[in-house]
Amino acid sequence: MNALKPKHQRLVLLSVALVALIGAALLAAWALRNQASYFYVPSDMAANPPAPGQAVRLGGMVEQGSLKRRADGLTIDFVVGDGKARVPVVFSGIVPDLFVEGSGVVAEGSLRPDGTFAATDLLAKHDENYMPRELADMTEAQKREAIAETE
Amino acid sequence: MHGFANPARFLRIARWLTPALLVVGLAMTAATVVYGLFYAPAERLQGETVRIIFLHIPTVWLGMAGWTTIAVASFVELVWRHPLAGIAARAAAVPGAVFTALGLATGSIWGRPAWGAWWVWDGRLTSFLVLLFLYLGYIALADSVDREGGSSRIPAIFGLVGAINIPIIHFSVTWWNSLHQPPSLTTGGSAMAPAFLWGVLAGVLGFSLLFGGVVLARMRAILAGVQAEARLRRKALEG
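Read top to bottom, the protein sequences are chains A and B. Just so we're aligned: 4 in this note's numbering is position 4 of the first sequence, and the numbers increase by one with no gaps anywhere. Just so we're aligned: 229 in this note's numbering is position 229 of the second sequence, and the numbers increase by one with no gaps anywhere.
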């Protein structure tokens, strides 16, 4: 029986080491899946509510038609949902440009005993879609036409 | 494969390929920046802020592609002992680190108006910052091996182990809830309107050519340094 050439021995050894390394990293990432998340979604919060007053982040979509501005002009109420659960949020301050209904948001703050989320900070979450303003105002048929023209 | 490991043949090809890559890369990069700043449309929600993606996407792409280069070259060096592979890995480190830093800076500038924060500790941003630290560690390690003597296999092993961060960066937005959006460009298609997509793709190509030119230039410089040193040593022995 022929012994492996040193070159092939190194190739096998290094490949095995790489597979072990990737496996270890995947296991670590899997173990971190809860801790490494930047925020909780509303259904996490419904299933496992944090203690009132505990600082957490809540992330989800701002529900259409839920955004209301109070009489003081600074405080807003809205509802964050993820399709399964919804959490009412109250925030007082300046909102980022990308904060609109139907768009993603991450709120930092804590849960009140009555179940409302009191946010101290709002971050707007952008999605992966990029669309020019002119296109967004068009109807679907106009959009297809415009895209077809550029191709 | 072994043909390219021959330094003389490599130098013959690199002599004309280096300026060609640099010139074409610079021209495409300049065209992308001009298009992004003056001709691209404003985005539906982000408005004018969107213009920075023409720099952000190419730079972060090269930050990750740079480390992938280091990892592949390190693998080739460890298994086949090609001296040129080790030189290629060392040459890719500094430009890779520069593009990573640029990617972090442009992302931060985009994040302030779009998200409302310069920096957040979510999975994507944190793993990308780790990439910058890995580059700095690799550069320091490769330099000290150069200066103090030691096996060039040490930085090569570091380059391979560090590559584990690349899939973590890529999947961080899928595995964990993060503030950073999921990828817009995937093998399945693009979530970008054509007006943004083509500009970004041209930027990625142009910056990549530029990166290739810089890496080749640095490889030639390292090879020239090795030759000069050997010549000095020979002279000292003769004299």
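Hints should not be assumed to be uniformly reliable.
Listed next, the stretches of chain A that the computed footprint assigns to chain B, with coverage defined by at least 3 CB atoms under 8 Å from CB atoms of chain B [what the hints assert, rightly or not]:
#1 6 to 14
#2 18 to 28
#3 60 to 69
#4 82 to 90
#5 122 to 132
Hints were generated in silico from the structure; no laboratory data involved. Positions of the beta carbon are idealized from the N, C-alpha and C atoms, including for glycine.
Comparing the hints with the structure gives:
Beta-carbon proximity to chain B at under 8 Å applies to 4 residues in the segment 6 to 14 of chain A; the threshold of 3 is reached and the given coverage holds. Counting residues of the segment 18 to 28 of chain A whose C-beta sits closer than 8 Å to any C-beta of chain B gives 4, which meets the bar of three, so the coverage hint holds. Taking a C-beta to C-beta cut-off of 8 Å, the segment 60 to 69 of chain A contributes 0 residues in contact with chain B, too few for the three needed, and the coverage statement is violated. Here the segment 82 to 90 of chain A counts 0 residues with a CB under 8 Å from a CB of chain B, which misses the bar of 3, and the coverage is violated.
Chain B is given as covering the segment 122 to 132 of chain A, and this holds because 11 residues of the stretch bring a CB closer than 8 Å to a CB of that chain, at least three being needed.
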